[in-house]
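The chain contents come next:
There are 2 protein chains.
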Amino acid sequence: MKTAVLITIGDEILSGNTVDTNSNFIATQLKEIGIKVLSIFTIPDEESAIIATLKKAFGMADVVFTTGGLGPTKDDITKKAYADFFEDEMVFSDEVYEHLRTYLEKRNRLWILDHNRDQAMVLSKAKIFLNFYGTAPCMILEKNGVYCFSLPGVPYEVKPLVKDQIIPFLKEKLALDSIVTRIVSVVDIPESILSETIEEWELALPKHISLSYLPIGSRVKLRLTGTGKSRTILEKELDSEIQKLIPLIGENIIATHEDKIEKILGELLIGKKLTISVAESCTGGELAHLITSVAGSSAYFLGGIVTYATQKKIDILNVNPRTVEDFTVVSEQVATEMATGCQSLFKTDIAVSTTGVAGPGRGEDGKDVGTVFYTVRIEGGEVTSKLFLPHLERLDFMNFVSQKILQDIVSLLIKKNKSPQLY
Amino acid sequence: MKTAVLITIGDEILSGNTVDTNSNFIATQLKEIGIKVLSIFTIPDEESAIIATLKKAFGMADVVFTTGGLGPTKDDITKKAYADFFEDEMVFSDEVYEHLRTYLEKRNRLWILDHNRDQAMVLSKAKIFLNFYGTAPCMILEKNGVYCFSLPGVPYEVKPLVKDQIIPFLKEKLALDSIVTRIVSVVDIPESILSETIEEWELALPKHISLSYLPIGSRVKLRLTGTGKSRTILEKELDSEIQKLIPLIGENIIATHEDKIEKILGELLIGKKLTISVAESCTGGELAHLITSVAGSSAYFLGGIVTYATQKKIDILNVNPRTVEDFTVVSEQVATEMATGCQSLFKTDIAVSTTGVAGPGRGEDGKDVGTVFYTVRIEGGEVTSKLFLPHLERLDFMNFVSQKILQDIVSLLIKKNKSPQLY
Numbered sequence: 001m002k003t004a005v006l007i008t009i010g011d012e013i014l015s016g017n018t019v020d021t022n023s024n025f026i027a028t029q030l031k032e033i034g035i036k037v038l039s040i041f042t043i044p045d046e047e048s049a050i051i052a053t054l055k056k057a058f059g060m061a062d063v064v065f066t067t068g069g070l071g072p073t074k075d076d077i078t079k080k081a082y083a084d085f086f087e088d089e090m091v092f093s094d095e096v097y098e099h100l101r102t103y104l105e106k107r108n109r110l111w112i113l114d115h116n117r118d119q120a121m122v123l124s125k126a127k128i129f130l131n132f133y134g135t136a137p138c139m140i141l142e143k144n145g146v147y148c149f150s151l152p153g154v155p156y157e158v159k160p161l162v163k164d165q166i167i168p169f170l171k172e173k174l175a176l177d178s179i180v181t182r183i184v185s186v187v188d189i190p191e192s193i194l195s196e197t198i199e200e201w202e203l204a205l206p207k208h209i210s211l212s213y214l215p216i217g218s219r220v221k222l223r224l225t226g227t228g229k230s231r232t233i234l235e236k237e238l239d240s241e242i243q244k245l246i247p248l249i250g251e252n253i254i255a256t257h258e259d260k261i262e263k264i265l266g267e268l269l270i271g272k273k274l275t276i277s278v279a280e281s282c283t284g285g286e287l288a289h290l291i292t293s294v295a296g297s298s299a300y301f302l303g304g305i306v307t308y309a310t311q312k313k314i315d316i317l318n319v320n321p322r323t324v325e326d327f328t329v330v331s332e333q334v335a336t337e338m339a340t341g342c343q344s345l346f347k348t349d350i351a352v353s354t355t356g357v358a359g360p361g362r363g364e365d366g367k368d369v370g371t372v373f374y375t376v377r378i379e380g381g382e383v384t385s386k387l388f389l390p391h392l393e394r395l396d397f398m399n400f401v402s403q404k405i406l407q408d409i410v411s412l413l414i415k416k417n418k419s420p421q422l423y
Numbered sequence: 001m002k003t004a005v006l007i008t009i010g011d012e013i014l015s016g017n018t019v020d021t022n023s024n025f026i027a028t029q030l031k032e033i034g035i036k037v038l039s040i041f042t043i044p045d046e047e048s049a050i051i052a053t054l055k056k057a058f059g060m061a062d063v064v065f066t067t068g069g070l071g072p073t074k075d076d077i078t079k080k081a082y083a084d085f086f087e088d089e090m091v092f093s094d095e096v097y098e099h100l101r102t103y104l105e106k107r108n109r110l111w112i113l114d115h116n117r118d119q120a121m122v123l124s125k126a127k128i129f130l131n132f133y134g135t136a137p138c139m140i141l142e143k144n145g146v147y148c149f150s151l152p153g154v155p156y157e158v159k160p161l162v163k164d165q166i167i168p169f170l171k172e173k174l175a176l177d178s179i180v181t182r183i184v185s186v187v188d189i190p191e192s193i194l195s196e197t198i199e200e201w202e203l204a205l206p207k208h209i210s211l212s213y214l215p216i217g218s219r220v221k222l223r224l225t226g227t228g229k230s231r232t233i234l235e236k237e238l239d240s241e242i243q244k245l246i247p248l249i250g251e252n253i254i255a256t257h258e259d260k261i262e263k264i265l266g267e268l269l270i271g272k273k274l275t276i277s278v279a280e281s282c283t284g285g286e287l288a289h290l291i292t293s294v295a296g297s298s299a300y301f302l303g304g305i306v307t308y309a310t311q312k313k314i315d316i317l318n319v320n321p322r323t324v325e326d327f328t329v330v331s332e333q334v335a336t337e338m339a340t341g342c343q344s345l346f347k348t349d350i351a352v353s354t355t356g357v358a359g360p361g362r363g364e365d366g367k368d369v370g371t372v373f374y375t376v377r378i379e380g381g382e383v384t385s386k387l388f389l390p391h392l393e394r395l396d397f398m399n400f401v402s403q404k405i406l407q408d409i410v411s412l413l414i415k416k417n418k419s420p421q422l423y
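In order, the protein sequences belong to chains A and B. Residue numbering for the first sequence follows the UniProt record's numbering, starting at 1 and increasing by one per position. Residue numbering for the second sequence follows the UniProt record's numbering, starting at 1 and increasing by one per position.
Treat the hints loosely; a few may be bogus.
A pair holds if it fits inside one copy or across any two, identical chains being indistinguishable in the list.
[Stated by the list, open to error] With a straight-line cut-off of 30 Å between C-alpha atoms, the simulated DSS-like cross-links for lysine-lysine are:
#1 Lys31 - Lys143
#2 Lys367 - Lys263
#3 Lys171 - Lys2
#4 Lys273 - Lys367
#5 Lys386 - Lys163
Note that these hints are calculated values from the structure, not bench results. Owing to the predicted nature of the structure, the values given are computational and were not obtained by experimental measurement.
Required output: the full structure, derived from the provided sequences and hints.
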């Protein structure tokens with residue numbers, strides 16, 4: 001199996017200013033063509049660190065990626081390190097310069113061409129992939145049979161370079177194994193019990209199929225990864241392993257193909273021809289955002305409202321002011337009325353509401369930080385639940401609650417199928 | 001200056017299944033107490049890789065963190081590696097077991113205590129920080145004056161352990177330098193021109209103050225980092241450097257204290273006592289989510305609506321069906337009417353709207369993927385703008401557009417101050 005090492009060059013990552021999302025994207029892309037990432041090294045913008053890490057990476061893997069360290073104000077150090085490591089020199093590339101000119105011209109920025117001129121300097125031995133969404137090109141270098149790709153650091157420049165140019169290049173150059181992954185989503189069972197329940201099954205897995213446990217929120221994802229020559233055979237093998245798993249924990253499985261809860265829900269809704277809308281308070285738009293992050297969600301998501309101020313819950317969602325007075329705004333009763341109001345406003349089969357305190361300050365009605373009530377209305381029936389998550393920071397709280405709600409809707413829809421009187 | 005190395009243990013990171021956010025959090029926390037992260041190594045769940053990386057890290061830094069590799073199904077490998085590296089053995093800790101019992105009891109999960117019993121096995125020399133939000137404790141080990149912290153992988157368990165226990169511990173144990181950071185946000189000037197314009201200023205910076213360029217969307221953040229004994233002196237020095245910068249690029253500066261655009265906007269709105277609401281289509285809730293990600297945003301954010309389906313724009317925001325027919329739903333005209341409808345619905349000083357095509361499929365009216373119109377209404381005036389971002393993937397598109405809109409509102413509010421007739 002072919003292997004890769006990713007090197008992230010960037011003081012901004014080490015200082016905590018930026019989250020490195022490039023490595024995740026590149027790892028996902030490489031996995032799909034059967035290349036396994038062995039390590040990710042994040043290092044400072046320093047010539048000696050870059051050279052030392054390139055050396056180490058070249059001793060470990062078949063493919064090396066560097067991201068970052070390129071750009072009009074950073075080029076020098078990284079390119080010097082490259083020149084040193086590859087025992088090469090920088091030359092001016094007419095092709096890159098011409099591309100840069102066209103790129104800037106299209107964006108009415110031709111006046112900065114002279115200031116970006118150095119970005120056309122590349123190693124003499126490098127093959128070049130032009131960057132259609134930024135000014136720094138990608139250099140491809142080879143040494144002792146190992147390929148190295150130097151990428152810029154901006155994620156929306158990295159993505160098309162990897163997807164459209166590097167992946168096809170690697171597919172052509174390397175004789176690659178196939179990797180097939182399947183994720184089984186399991187709910188309502190703790191990781192430790194789960195691992196005991198399926199231990200025998202796990203031990204009997206063939207050697208080329210590996211299993212990982214990925215706990216996320218209140219769900220555990222079981223990831224099966226198979227490696228081999230034929231994608232078709234691997235797919236069949238994984239299918240048959242999952243079939244053996246179902247008698248053991250079938251009740252707890254909510255999906256065997258899709259990974260993300262928002263996609264699992266989307267497929268269910270399309271299959272059942274149901275529409276959905278949301279009325280949010282403490283999740284502040286995250287729930288709508290999670291649902292609309294799925295391409296094609298306009299087929300079932302008609303809309304959402306964030307009634308952040310209490311008065312807006314009353315004015316727009318018809319929450320009764322008496323209910324707020326009697327039970328406070330963070331209450332089961334208000335959640336229920338919000339869901340009803342949401343369903344009338346958007347006229348959807350399913351309507352969801354949230355009301356709670358994301359923190360760090362207490363809510364206006366004095367409820368504890370981390371408290372949330374949410375209602376899921378499916379056609380005429382409804383379920384209201386409470387969560388108390390005082391340990392989560394504001395953004396994690398919003399995300400956890402939103403994920404949990406989608407998970408609940410999925411569970412309800414699946415169970416409803418089996419016993420329609422459930423709620 | 002004290003230094004740290006972070007080790008992320010996890011096949012799920014290397015396979016691209018999970019984004020590593022722990023390193024970012026830990027780096028930010030360490031920076032605040034003057035500890036610099038030298039490198040982040042992400043490695044597989046393998047004993048030999050863990051031992052080799054611990055060795056390397058102990059040769060580089062004063063403090064070492066590992067995250068991940070702990071948990072009921074993973075403990076074995078990581079703890080074995082620790083025992084080997086620290087030449088120690090595992091012992092059963094009554095304190096950890098008792099804590100585990102209480103933790104599970106509170107959550108009505110006492111029945112799984114036996115299955116999690118091994119989590120009470122710790123190195124004999126380790127000091128322990130109890131984990132109040134999960135089952136794996138944090139071990140603290142010392143070797144040759146270097147401190148090592150082994151943390152679980154779940155972000156909401158890592159955060160409180162680091163913030164409440166490890167940071168106070170490090171502050172007490174190490175004689176730390178102060179680090180002070182200031183971020184200057186600059187708009188409407190390309191990075192290459194910016195660097196030329198401020199070159200002389202940059203070269204004249206004292207040696208203990210460093211500068212980085214962090215481009216984000218259509219903004220460049222200049223980060224000044226000062227290191228020294230006295231926080232008060234450093235703060236004054238950074239202030240005075242920023243004062244020298246203002247005559248050079250004052251027109252382009254939108255903030256000198258805050259880093260995040262949603263916080264910059266929040267402070268402005270509180271200062272000016274203005275309220276805001278949003279009506280979203282293609283951003284799908286991301287704009288509301290970005291605004292409400294700020295603690296205290298309920299002071300100015302009254303609400304938002306996601307009118308994803310065209311009919312909802314007509315029904316709820318009073319968009320004229322004729323306008324949709326004449327100009328299509330992704331148009332300047334619909335954006336304008338949505339903003340007007342939003343302002344009437346929520347009765348806010350500022351109302352914002354978005355309508356566009358996030359992709360990957362074309363919009364129903366055939367507009368190109370990546371097209372968006374957005375309107376910012378401030379009291380009676382309004383500005384409608386268009387962006388075309390065909391290179392961005394769905395989620396990046398939603399985020400870029402939302403960031404850009406907040407940036408525009410900030411620019412408008414700042415300029416409005418200087419010349420009220422601007423729009």
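Now the hints, each set against the structure:
Taking identical chains as interchangeable, the C-alpha atoms of Lys31 and Lys143 lie at most 30 Å apart only when both belong to the same chain, with a minimum of 23 Å there against 37 Å between chains. Only between protomers do Lys367 and Lys263 lie at most 30 Å apart by alpha-carbon distance; the minimum there is 25 Å, versus 33 Å within a single protomer. For the homomeric pair Lys171 and Lys2, the shortest alpha-carbon distance inside one copy (11 Å) is at most 30 Å, but the shortest distance between copies (44 Å) is not. Taking identical chains as interchangeable, the C-alpha atoms of Lys273 and Lys367 lie at most 30 Å apart only when they sit on different chains, with a minimum of 26 Å there against 38 Å within one chain.
Proximity of Lys386 to Lys163 under the C-alpha cut-off of 30 Å is restricted to the inter-copy arrangement: shortest distance 27 Å between copies versus 43 Å within a copy.
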